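We have chain C; now place chain X onto it with these hints.
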Amino acid sequence: MTDLIVRPESLPSPDSRPDTPAKLDTLTPLDDTVAERLLTTQAPQRPVATPAIRIEIDGRIVEGFEGQTILEVCRDNGIEVPTLCYEPKLPGFGACRMCVVDVEGEEHPPISCSRAAEAGMKVSTQTEEVRRLRATNLELIFSDHNAYCLPPCQNKCPSHIDIPGFLKANAEANWRESTRIFKRTIPFPSVLGRVCPAPCEEHCRRDEVDEAIAIRDSHRYAGDQVIKAMLDDGIDPPLPFEVQAKSGRRAAVVGSGPAGMAAAYYLLIAGHDVTVFERDPAPGGMLRYGIPQYRLPKVEVLEAEYESVSRLGGKVVCDQGLGRDYSLDDLQGQGFDAVLVAIGCYTTNKLGIPGEDADGVFDGLEYLRTATLGLPVEGHAGSRVVVIGGGFTSMDCTRTSIRQGAKEVTLVYRRDMKDMPAANEVHEAIEESARAIFQAGPTRILTDKAGKVNGVEFIRMRPGAPDASGRRRPEPAPGTEFTIPCDRVLLAIGQGPELDWIAQPGNQGLEATKQGRLKADAVTFETGRPGVFGTGDVRIGAATVVQAVAEGRRAAYAADAWLKGLDLAAIRTRQTLAEPQPEFLSIVPFTSEVKEPRYRMTALPAEIRNKSYIEYEIPYSRAEAMAESTRCLQCTCEAIGFCDLRRLGIEYGTTLPTLEPQHHNGAGFRSVTENRFTGANHDYIRDDSHSFILREPSRCIDCGRCATVCAEVVGAACYDFMRIGFDTLVTTPLDMSLNDTPCVSCGRCAETCPTGALMPKPRVLQKYDVDESRCILCGICVDACPYDALRDGADMELSHDSRANPMIDLLASSAVDRETEVTYIRKERDWVARAIAEGRPIESDRLLPVLPPNIAARVGGGAGANGDAPRLGAGGGDGTNGNGHSHGAGGHARHR
Amino acid sequence: MTTLLRTPTAWPSVLLRRDRAGRGRGRAGGLLADPAAALDAAVASGAFEGLKRAVRELGPDGTIAAVASSRLRGRGGAGFPTGEKWRAAAAVEAPRRYVVANGYGADPSAFTDRVLLESDPFAVLEGLAIAAFAIGATEAFIAVRAEDAEMVRRLEAAVGAAEEAAFLGPDLLGSGRDVTVIVRPVQGAYMLGEETVLLKALEGRRGQPEQRPPFPTERGLFGMPTVVQNVQTLAAVPWIVVNGAAAYAKIGSKASPGTILVQVRGPARDGVAEVPLGVPLRDVVALGGSPGSGRKLKAVLVGGPSGGLLPPELLDTPYEFDALRAVGAHVGSGSIVAADDRACVVDLARLLTTFCANEACGKSIPCRIGTRRLVEIADRAVEGRPMPTDVQLLEDTSADIVASGLCDHERLATLPLASGMRYFRSELDDHLLRSSCPAGVCRPIAVAAGATAAGAAK
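Keeping their order, the protein sequence lines are chains C and X.
So in the working numbering, spot 615 of the first sequence is number 615, and the numbers just go up one at a time.
Count along the second sequence from 1, add 1000, and you get the number used in the working numbering.
Looking at chain C on its own, in the form it has when it is part of the complex:
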């Protein structure tokens, strides 16, 4: 057999290696072997003074230095070039191809991280071609990026609640933390847990496994636990943020509905003094006067949650209507620095058909105002009722009418059931004995001779052309008229705000929009009148409670900025950015999850609940609430906000209309969410075996930064590119756990990772006990601690010596000497004396600046061969004269 591997003659053969390690000679070079060359070869060093060069970048003449790359010149001059694999500490790597720039006269655009800048170069960083190449590369990355940024539920929630966050707390039965997370965006988890239409659940990714998570029911349970603790044990509800110090500024909130109270809540946390003015006798707005008791218990839930506002010091003044009892001038005259108008929508729209004003035609809201409080409405019992409309108000009218003893209740909606905003309640109403007719619109209201309603004529509707909202606009089908006899008609076809008051004196400066809403900015919520903000339904028209709360919160932040005297125009950009961006879509469905259907809340039997105002849904048990939250896939990325890939994906995926001219016409989409590339992709297993570093290879984009940083900066070389072709992945050898690699837990890999593939692991707070009697001063804890909680102490050189020079085996020597740590430390501390006693030479560089005179004298004598020794000896002479201080100073200067 021939040995195929050629071994240079000069290398010692394995057999000839001496048993004892030879003394390490660092002065004479080793044999000129390949390995030695790898160790000693230095990259060409840049000269100390580099001549300046001028190059043209994007039409600007900028200055750089010879030897700089194009990217370095760009960054020095504030020109942004996107990168993913570039690590500023290291030379360009060239894997991600994101930093391509156009250089005049080059066939292919070079990558700026590796290409040296040359004088007179003409560089363009934003040409159509390089932007296209970057976008293609991003699309390619995303086509093999089995990971998510924002979970879709959070994205679709109008208030962008951290849903995976509170569900995780729920799964640990930490209801208080769950509620705290919830209150960061919505102060009322229990209220919303009952009345929210839960747009989040429609987009839940768990749906791809079995069924969506019951998100609303989950925060309802958590919120209820907090209310229970508050009512039973007097425990304050958790606060989402630390309450700021009193600002001394005062804010008035007009209207105590969801928008107004949410605004008051966040303004109070921001440290302002808030007074809420309510027109009606009790606070709550639509929550109290529009939503029936059986859906939202007023005392147990609404008032309990509203108490969090008063516990923060908010004052609520009832029976004070804007335009009726006071004007904006009055408020501002009373010293309110900011006024938030959140009066909601209370005027029911008109049908515009004959007979609309007949006796027996009621405004649905007016009806609910009385009926939601459980009070009987005169003449309702035993009557035949027709409810017109398809929203939540119509549903509340229908179901309340049943509870009030109406003989026959018919709900009529002009579109199909699937178009109904309140579609999920329909089957419950039908169970409770209501009738529902879809795709029919009223044409006229029939009256008897006394002018009293005795029926409604409807006409069948068919779907026509789609309107602006994308729904098909219903058109009447002639000749399909039919009549429903009835005694009462409840109109619930949408509401608008009451804005008569803005024309009154004292309220100047406000305007209404064409739709009859209060005109206010969508981001800063400013109206035409300084210091007055419009928010909630009065600004956006009748909407859901969750939208109103989101409005209120955002308006509170705008008003807070105003009260602090900040520039609202600056808030505009900041708040736009703060609102989450579109998420990137899943490519493969979840396959490995255990199937476990949703835990549903049960309801009281229909025949019982249709007579009662008691909340009809039976809440979760504790175990059910935990189990339901455990089903959450937690499909959120911990790196969100830090991820370069996401940032670039948004920049190059969603800026199409302005920045990307029609390039790939035939091939379709340029958005990252709608990727041109489909096909095979990798689904790797998450590795959380290491204590500090979490590895999520599915998020890895193979940029190689961790590998180069670990090898070249840290020296541990835990990672490298493994396997070839499409299956290449930057990982540990054999995908082993980081615990089995030379990892020193320094965290530099996580720091450099541009995505969430490597992350510092979230740690549960825990305090550790140290058994000092077993410490061997190895110093590994000092090196490994990512937060410098442990530091080198007085015995610093002990630990460093031991690891810098592996010849000293602390464990072995202590085992032989049978020392205790006390004797060991004492001995080590007196190493100079010991060295002299043993006759070992002492390197003066290792001496501490200040030496006791008696020892310094002996050192001078003992280290005769050392070049520095005469000076030391002279110093020692001083020392014997008792001048220890000047001796110390001399030693100190030498060390510097």
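No false leads were mixed into what you were given.
Quick partial rundown of chain C residues pointing at chain X, CB under 8 Å, derived from the structure:
1) 92
2) 95
3) 96
4) 109
5) 132
6) 136
7) 141
8) 143
9) 144
10) 679
11) 702
12) 720
13) 724
14) 726
By construction, these hints were calculated from the structure, which means they are not laboratory data.
Bear in mind the structure is a predicted one, so any value in this text is a computation, not a measurement.
For glycine and all other residues, C-beta sits at the position ideal for the given N, C-alpha and C.
Then chain X, alone, in the frame of chain C:
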């Protein structure tokens, strides 16, 4: 053993020194049995004459000038002028320089380098020594395939004999310069054809390319200026030094003088042949015989797995670097495969692209994911489930990979599909738009077509 193909007697022979019967007269007979005797025999027939002349008469600059004026171009596939490369490496200030001979022969279907190294290792060694002498390198590596154990043994024997005879080693022929030649068997993959990858492999690191520039002539092996040459290029150097640059420039075409080894796979024969550059592709393909009766030539794959698929109409293209590049192929590994009308071009292109995608080192995004997506488009085409945007997507993606690629591997990996699309568009359209395979190779489509035919027959 690979056969040597018989070539027209009018074609000059530089590398293999064939006799009139077309057999190579390699100067290394009996190398393993008695290396010294083999060397003596080789020297008797003129080996190491070039080295002597370079050292004793031309000197380093003169040697580079001679090579430059011969207009010799690198045989590794890209055809970079050799003299320019040497001059660049010699001009860089550095403590050390290297010469690396690439005898790896990355293309698994071409044995050209191996044939050369087995038949005439001394010519390669001589060329290597001349190159090292010319640029001032003291160490030269020959990277060869570790799997070719026979060849490695012969090469080592040749190096030993040459060192023994003082043609290599310290104080080269009294010039005062040392040239040590190290044979390095490497194991790797197709990517080793890329010079920066080969250098990484020689350094003992994972074979992944580096961005060029800086070129290896500036920063190569261990960060030092390095000349990487194919063994064929080096084997031609002694001939040039002995016979003169002008004589060499007369062989082959004006822009690409000299001869090159090709691996021809034709309908009748396959083997290695030495052809002068610039002869029509038709003549090279003809070395492999003509298609059987009733068959006709459909496509010629020029350049190995990442080569271009050319139609018969382009057989008059001269076989040389620039002309092939212009028509969407390249010299590459020197492999030429003739396919008759039984082959499906789309299927062939898919096969080649799959090979290239699987051999990718995985460093850059366009290569690792982009080539894979190309394969998937081709897969969809042959399986009969194309997407409506596939033709456009193929074009756009190929263009973007070429424009933003890191090394030539990914750029060339687009060639089979790109050239297939360029010259066999109707066949590709049949696959993508009409879900049919004219050659009847792609099975799902063939089944579907058969079913339709059966349905029509009923």
